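Trainee: The lines below spell out each chain.
There are 4 protein chains.
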Amino acid sequence: MIDLPDLAQVKAALRAQRIETPSWGYANSGTRFKVFPQAGVPRSPEEKIADAATVHRFTGAAPSVALHIPWDKVEDYGALARYARGLGVAIGAINTNVFQDNDYRLGSVTNPDPVIRRKATDHLLEAISIMDLTGSRDLKLWFSDGINYPGQDDIRDRQDRLAAALRQTYDRLGEDQRILLEYKLFEPAFYVTDLPDWGTSYAHCVELGERATVCIDTGHHAQGTNIEFIVAFLLRQNKLGAFDFNSRFYADDDLMVGAADPFQLFRIMNEIVRADALDPAYGINFMLDQCHNIEAKIPAIIRSVMNVQEATAKALLVDRDALREAQQEGKVLEANAVLMDAYNTDVRPLLAELRAEDGLDPDPIAAYHRSGYQQQIEAERAEGRQAGWGA
Amino acid sequence: MIDLPDLAQVKAALRAQRIETPSWGYANSGTRFKVFPQAGVPRSPEEKIADAATVHRFTGAAPSVALHIPWDKVEDYGALARYARGLGVAIGAINTNVFQDNDYRLGSVTNPDPVIRRKATDHLLEAISIMDLTGSRDLKLWFSDGINYPGQDDIRDRQDRLAAALRQTYDRLGEDQRILLEYKLFEPAFYVTDLPDWGTSYAHCVELGERATVCIDTGHHAQGTNIEFIVAFLLRQNKLGAFDFNSRFYADDDLMVGAADPFQLFRIMNEIVRADALDPAYGINFMLDQCHNIEAKIPAIIRSVMNVQEATAKALLVDRDALREAQQEGKVLEANAVLMDAYNTDVRPLLAELRAEDGLDPDPIAAYHRSGYQQQIEAERAEGRQAGWGA
Amino acid sequence: MIDLPDLAQVKAALRAQRIETPSWGYANSGTRFKVFPQAGVPRSPEEKIADAATVHRFTGAAPSVALHIPWDKVEDYGALARYARGLGVAIGAINTNVFQDNDYRLGSVTNPDPVIRRKATDHLLEAISIMDLTGSRDLKLWFSDGINYPGQDDIRDRQDRLAAALRQTYDRLGEDQRILLEYKLFEPAFYVTDLPDWGTSYAHCVELGERATVCIDTGHHAQGTNIEFIVAFLLRQNKLGAFDFNSRFYADDDLMVGAADPFQLFRIMNEIVRADALDPAYGINFMLDQCHNIEAKIPAIIRSVMNVQEATAKALLVDRDALREAQQEGKVLEANAVLMDAYNTDVRPLLAELRAEDGLDPDPIAAYHRSGYQQQIEAERAEGRQAGWGA
Amino acid sequence: MIDLPDLAQVKAALRAQRIETPSWGYANSGTRFKVFPQAGVPRSPEEKIADAATVHRFTGAAPSVALHIPWDKVEDYGALARYARGLGVAIGAINTNVFQDNDYRLGSVTNPDPVIRRKATDHLLEAISIMDLTGSRDLKLWFSDGINYPGQDDIRDRQDRLAAALRQTYDRLGEDQRILLEYKLFEPAFYVTDLPDWGTSYAHCVELGERATVCIDTGHHAQGTNIEFIVAFLLRQNKLGAFDFNSRFYADDDLMVGAADPFQLFRIMNEIVRADALDPAYGINFMLDQCHNIEAKIPAIIRSVMNVQEATAKALLVDRDALREAQQEGKVLEANAVLMDAYNTDVRPLLAELRAEDGLDPDPIAAYHRSGYQQQIEAERAEGRQAGWGA
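Residue numbers (the numbering used here), protein chains in the order written: chain X, 33 to 423; chain A, 33 to 423; chain H, 33 to 423; chain R, 33 to 423.
Do not take every clue at face value.
Chain copies aren't distinguished; within one or between two, either way the pair holds.
[Unchecked claim] Calculated pairs, DSS-like style, for lysine-lysine (alpha carbon to alpha carbon, straight line, at most 25 Å):
id	residue 1	residue 2
1	K43	K66
2	K105	K363
3	K151	K43
4	K43	K271
5	K66	K271
6	K151	K66
7	K66	K363
8	K151	K105
9	K271	K151
I should point out that these hints are in silico values taken from the structure, not numbers from a laboratory.
Keep in mind that this is a model prediction, so the values were computed, not measured.
Let the sequences and hints guide you as you build the complete structure.
Mentor: Okay, structure coming up:
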């Protein structure tokens, strides 16, 4: 039902799209109640990278993998990067972890104890050293810091401590490196989270400088938050650095992106396309950050990559001229209809065609299942300790 | 149970406290389903001011009244200000209204039609002229602008239009005048609100300059938002200009402040006290913005002023040294207990004593009921059109 | 991408589908801040019915119109029903209104004053008399009753009063008549709503008897509520009587159904199809209950009917055998994929074909715009008072 | 400020109050991100019971302890009950656990696999056998069952399976035993939870019979849910069996009861007192269900017991006659003021006096710290495996 005068452009844009997958998404994860183990789960950073490379092999759209330190700690990061390149993928963002050491019970960089703050900040600096070795551009910072009870600590003092740690970290960045500063409404902190919303992250980033940008995790907002508004606003302010894609019905459910609200994902990608911010050259890192607690991990990640592609294809099909005209004339229903026309289009044939043209299987999930990879890893990785959040 | 070494200081702080009441709070209001009229409701700006002066007479803490233009439009604003002063109150913030004209169906300053944007912006400028006449310092800006359907208008274009209108308005401000920029999650817009959260308001204020500050309406957030965090953060950024106090269980219910969650109000006032921001000299305008749909209006406003006073008194009673010590040592329960000790204290005797010392009745509500004012206005205002949101 | 072995069955099911439109949806509506008037809006119950008949003429799927008493009060309801039948539509549910009289400030059937309770209950009984005249089967009961402040009234006493009024009403029902008991989280009551959730409505319906059933308004839940679960559960309990369809991002936004979350609407219709409850013979009344505050009313209602049809078509296309098999085998991703396959299908061509086969224009919106009806009503209805909430 | 004509009655009611503490509350717990271990945490069911007895020793109000099977599995439950009695406490509710076995990845009693359903149901039956040995009256059932993705399993089939398991369990109950059926909005299931709200639990309990009652966990609702309404409604329906007390700002935060919203706790206890349901003879089991992730466990539980006592004392101080009179007369502010008068009263002196009269230390927290118990358990329990979720 849609006029496709520039199908070639649409395909070109889809071909240029890059989605980064997370090493921890291949490993066991769960809720506080239970981590259900899965067969074939990787036992090492290298095996996680191999899985990521497999996802890229079947989708053609996931050429980098984010690491999580210390979950992916190795002796030789240069060797790890070479190993990845050998499998056809690059090391992407380096994620820090200052929430799983006993010292961090009352916070990491915002802890009232300066010794613990020092330890946490040193970990952030160490991550930049790893970036130097892996060639990573992005340092992703998520802090679980916060307090559980009113009065437990001073809200403002904690902001001062946070700002100090961020400043030290920012100053250590190389010229081509940058900070992606994530925010989250709650969990694991249950009263105050020190970086609870985009406004807090934005304000710190503005103070830090132009190489500090906001990372939007699509599952980290209060119910009712309009995420595409935040996307549009940060794009306008030139402060949108990355996405952590996932979906949720309730809190930070970390379900597959596009699974809970595919229309929301489309609206987000629509703002990206509207701002010409899809191309990797623009600089936004489109990452997945998900927990496949009960579903098969590699197929789930392939599905997630495809979901982002489908939402993007629909956004690319929006008739921008017709939309703008209806908007300018205040035609509410007509403008909405232009957007919905694109959303209601079945773009799966287009993406299948694109894949076929690029030498990929038009159905990446089926191709993965036929490939024997799953059987192989289940056999090979039967022994040893499965990687997981605490691993 | 609390040690009160500096009771004199506590009383001095309470004596200095100023709460501004809103002219529209004395008038009829309601929901979209029904406005229930009340007897004795004012029929003119002067009668609203008389009611506000009555609240101040019984509380001693509400010496100014905010106006809403055009609800409070008069021929001679200088005369209105003198009338107010004659009754012992000052004209406070001037509130603009760009949401009740048919032209604003698709927005005011963010409307796609430049003619309507011009009209809306002119209203904002007119409000500053009124401020010049009333001697008001604060221009309060709330925009109902937004869209109801995805695609209806361009999110980013609307931000550009908003920024342009704010810039013109800011540039018109006198040296001692300032903007209070309000935000609201939703209602009356149901998909995008152009100023939906504190971050958006903050970012615009930073771009405008130091005389633009954020106004926090305590009923304008998503469920689960930690308001006292926003208070503490904006204080740190020196961008907190005002409160619109009210309370809610669900959305923007506009109930009496402190009625729905008195502990939250205490936590908010605790951040104010912690930052030494209570004194009028600091510059925060503590306003009420409420709708007394079913309860008697003047007693409800007196009760609201008292609720803010009680929360403030409790915040002033927090043992800051003990709190800081427990916080520094990471004693979670002890720090929380210090805060709760103050909250659990019954401060009503203290406030009654303070009033008595100041020549006020210790029980303002009872004194109001005994005064005959209600009977008088019900008799005098029986004729004529009651003021209301559309009046 | 979907195998359609039973396309004839799908079409038959779609042809049988009935959606009831609300008389008040054709009239002016708004928020508490402003009602924006629209040209051509009906001035009488008859004109509302004419508009509803027009929607049916272009969609073929909206053969009945719900009335709201007293907004649609007429002298002769039999004549009104005949008038409707003459235009090709039937009078559907009768909606009561016990929220717009000054007496109902503190409640209607739950008011502490027995005189007001009597008056409210009498209105409910009167509505059944109207049903007798219009041949309506359904009495829809929505109560705005509740309290705004803790302590304002006794929660349990109000339940007793509610139960008493419902009992009297139920006992007055004719054999072929029934109660649709609506619930709502909040608004206009802001602390307790006396019928706040499906559980309360369900419990009262169980006590009343089998002719009392629950009406689900899709905009009346807390954020995060899984509505399709409620649908499935009430179907299992044989207590689902009706829907009030609309959509929302925040609270009871009353936007066009399917506009805010089309995937949710699909999931709801999926439960209906799964339970074989789509056919009118099953007895569920699929009604719209929306407010077209800023968009053109008749086209908005046509669009809403089409949105329900599209969601239904997708639900009918779910491969039930494949779904069940994947579910039984615990194949999480496969089962989800079966559902998503149907959702991702573009069903607009199928519905266009169906309409063409039935002698309708395949594009009802375009056909309406070409028909001249809008121009006609704007010309004819220029004089007189537009109908609206409270009119 | 409150008239206390029946202080003796208030004290008697407070003396009769019983709060059950949970064995798992004494053990290590955490979020999915991290479990922070604490010194002195129990290593066995016996040590948990010893801690519970300690809480009772200092509060005089916590004479029973709930067990969680299999976390508290022992060889000889009769011996365990005798051990508890020897320490002055009784074994309370038996909690089942069908969420931590690998088999339960896709559900326990609602699992599509009948073999797993059988296993889960058998565990429920086993728990009743344990109750026979411990003399417990209450079987608490919480199911983590649900699905994460639309289509993953059939919502209605799962209800049928749930009903079947509940029926078998109910039929196995002894005459003096009963089911407490808990519900929860989400977590660990993220799309559908099979028992998501009070309505679902209530409907199942009605079908089961009179020995099945609803358990309200105060942290298991959507934001904005009015919990005291549910309390009042279930009391009216005679189906309120128990509370799982805790508090939260966001989701199921499991903070100390009364910490997040003390006014809500007061309103809940107010409904209990209003219905004369406080006395143990009425049959409601007032349990704590909390996770002390970062704060000291035993002091946190003592504080929680005290918080419930304080909220109860305030509820007992409500002037019921004045309240009813103001309610009947429709005096909104006056009725609210009667309730708030009680809430604003500082009841700590009253409770301190009560404790002193009963031979307890007026300050249980200080007394605990002075007692040396904490130092003793930290020394004695240094070796061995600390108990925790999953231990």
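Trainee: Identify every previously stated hint that the structure contradicts and give their numbers, smallest first.
Mentor: Numbers 1, 2, 3, 4, 5, 9 - these are the hints that the structure violates, sorted from lowest upward.
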